[in-house]
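Asks: Chains as they are written, first to last, in my numbering: chain A, 1 to 270; chain B, 1001 to 1335.
Everything labelled a hint here was simulated from the structure, so no lab data went into it.
Possibly wrong hints are sitting among the right ones.
[Unchecked claim] Rough simulated footprint, nothing fancy, chain B against chain A, three-plus residues with beta-carbon under 8 angstroms:
| # | segment |
| --- | --- |
| 1 | 19-25 |
| 2 | 213-219 |
| 3 | 237-247 |
| 4 | 258-268 |
[Unchecked claim] Listed next, with one range per pair, are the computed distances between beta-carbon atoms:
| # | chain 1 | residue 1 | chain 2 | residue 2 | range |
| --- | --- | --- | --- | --- | --- |
| 5 | A | V7 | B | D1118 | 58 to 64 angstroms |
| 6 | A | E146 | B | N1077 | 44 to 50 angstroms |
| 7 | A | G138 | B | T1067 | 38 to 44 angstroms |
| 8 | A | V7 | B | R1269 | 21 to 27 angstroms |
Where is the CB? At the ideal position from N, CA and C, for every residue including glycine.
The lines below spell out each chain.
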Amino acid sequence: MAEERKVCLRGSELTKVFGFGRQKTVAVDHVDFSFYEGEIVSIVGESGSGKTTLAKMLLGLINPTEGEVYFQGKKRDIGTHKKKKEYWKSIQAIFQDPFSSYNIFHKIDAVLLDCINMRGGRKFPYTKKVEMMTEACGFVNLKFEELTNKYPFELSGGQMQRLMIARIFLLMPKILLADEPTSMIDACSRATILDMLMQLRKEIGMTIIFITHDIGLAYYVSDSVYIMEHGKFVENGSADEVILHPEEAYTQRLIGDVPKIYQEWDLSTV
Amino acid sequence: MAKVMLEVRELTTKYVTRFRENVYAVDHVSLKVEEGKSLGIAGESGCGKSTLALSLMGYYFPPLHYTSGEIIIDGRNISGMEPDDVRKSILGKEIAYIPQSAMNALNPTQKIIHFIEDVIRAHDSCVTKKEIYERARKLFETLGLPESTLQKYPVELSGGMKQRTVIAISVLLSPKVLIADEPSSALDVTTQKMVIKMLRDLMEKRLIKSMIFITHELPLLYNVTDDIMVMYAGQIVEKGAAEEVVFDSLHPYAKGLMGSIIVPEQGLRDVKLTAIPGVPPNLKNPPAGCQFAERCKYVRPECRAVSVGLRDIGGGRTYRCILSEKELREAYQNG
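Model the full structure from these sequences, guided by the hints.
Replies: What follows is the structure in structure tokens.
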């Protein structure tokens, strides 16, 4: 089984250093990883462990200091703006803060129309575009008729984040990078968002890279888990292995920090 | 019988919008917190949790207005008091409030100790600087915060440290009731645990007499508080001991909330999280009858007609539903 899985995104010796001299900070320190196609991978670590820096490098928003990213077996080449745009057709992101993910001056239609145009639908008649937008909104349990002609600030946080997923549904990227997509919204909408991500994976066979500090979340959604501490992966493996039988002390501590319900939550270890 | 620290009777408060519409964000809420006990308030965003917290302080400023009801702190009714009197004699001394973004409450141009001086001087103008320092140092020591924090500026502290400092400052005047409004929602799990531990310490070391803890994270509430109250659309829908509400919830909304709990424990992956479809009603024109009827799986025609009161089933447990306890349990069993 393992041989059949295709590697979608691979990194070797990926490093990012900020500053130099005495103020040097190694945010990501020679990490190796391979994410397989159609898999949900979680990267877990506390704040400041370098999760988001790694995500930005994967997205091509910042250049790595050292090391390479291999996309579908080939070395990633995003030297020019045109190539970058090509690359972004296959990798997309959902960020932590839905309130700052939108351009406040553009209506919601514009966000979705942009996606259709990007996927080569520029010449479609408007009725067809509306149909596509309605379908995408329907997928995330929103009603397009209620959203059209509205501005982002008129939506709630949960709705905004769901609209982000509708965007992903239209774009159909190969990889989705979700950087703490549920930390700003409340527990009830969280379940909805997670279910939608899982459904999306089923529908278009997408690889999802899930970045979070909440190990419970990571356990619920992912197939494999990477634990990150100070820019390094300290432990990785399948979700059951890592979360239920952690080996590293750091992983054990992270798990201990999450409030429990069925077991005693030990508060003395802080 | 323990002494009742905070008692609220049928409190109703409203927001008045620009167009003179009344939005009743807290609707006939009654609660009681005894000495040494803590109460948790759960609910999704927009259900009136934070408004309730603001209303409990008795300090109203537009657009929030007081409508009716009574707030009694340790035998003293504060509901009809002037805002100025409330600020001088109630806030901080009787009831302290940690707002959601408490980290930003610190003045960036002042050292922590100067901030503390301001707080103490506002209530007692004849304390010397030395006394204040001594008092702050002692408090920080009992709470396990380094003394050097006092001489720092807020920018020099990390998020978790700032949050803990704010909590420490809020209990300086040893209030009878502490209201913590999502004190840990912006922190990562490790710092969250520190904050929670500190709140528990406050109770154990008797620095505060009772606590109200507001969050939407049920696992947290379950670990921190003795009782849990679930709110929906400004009303209490269920109240009871933490264990009972979490494991044996009666109201369909509370049941739905419990279905969205995520904990890293064996068996979680096999459970499908249940999400509650739809959105809460618009409180500008609330629906007649049960507020939750639109989203309820077990809705009946009569739900939309009659508004339901709280049912008391003994043992401090109440819930707001037209169905009886037995009918609800049967409905849950049949899925």
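Asks: Hint by hint, where does the structure go against what was stated? Just the numbers, ascending.
Replies: Violated hint: only 1; rest satisfied.
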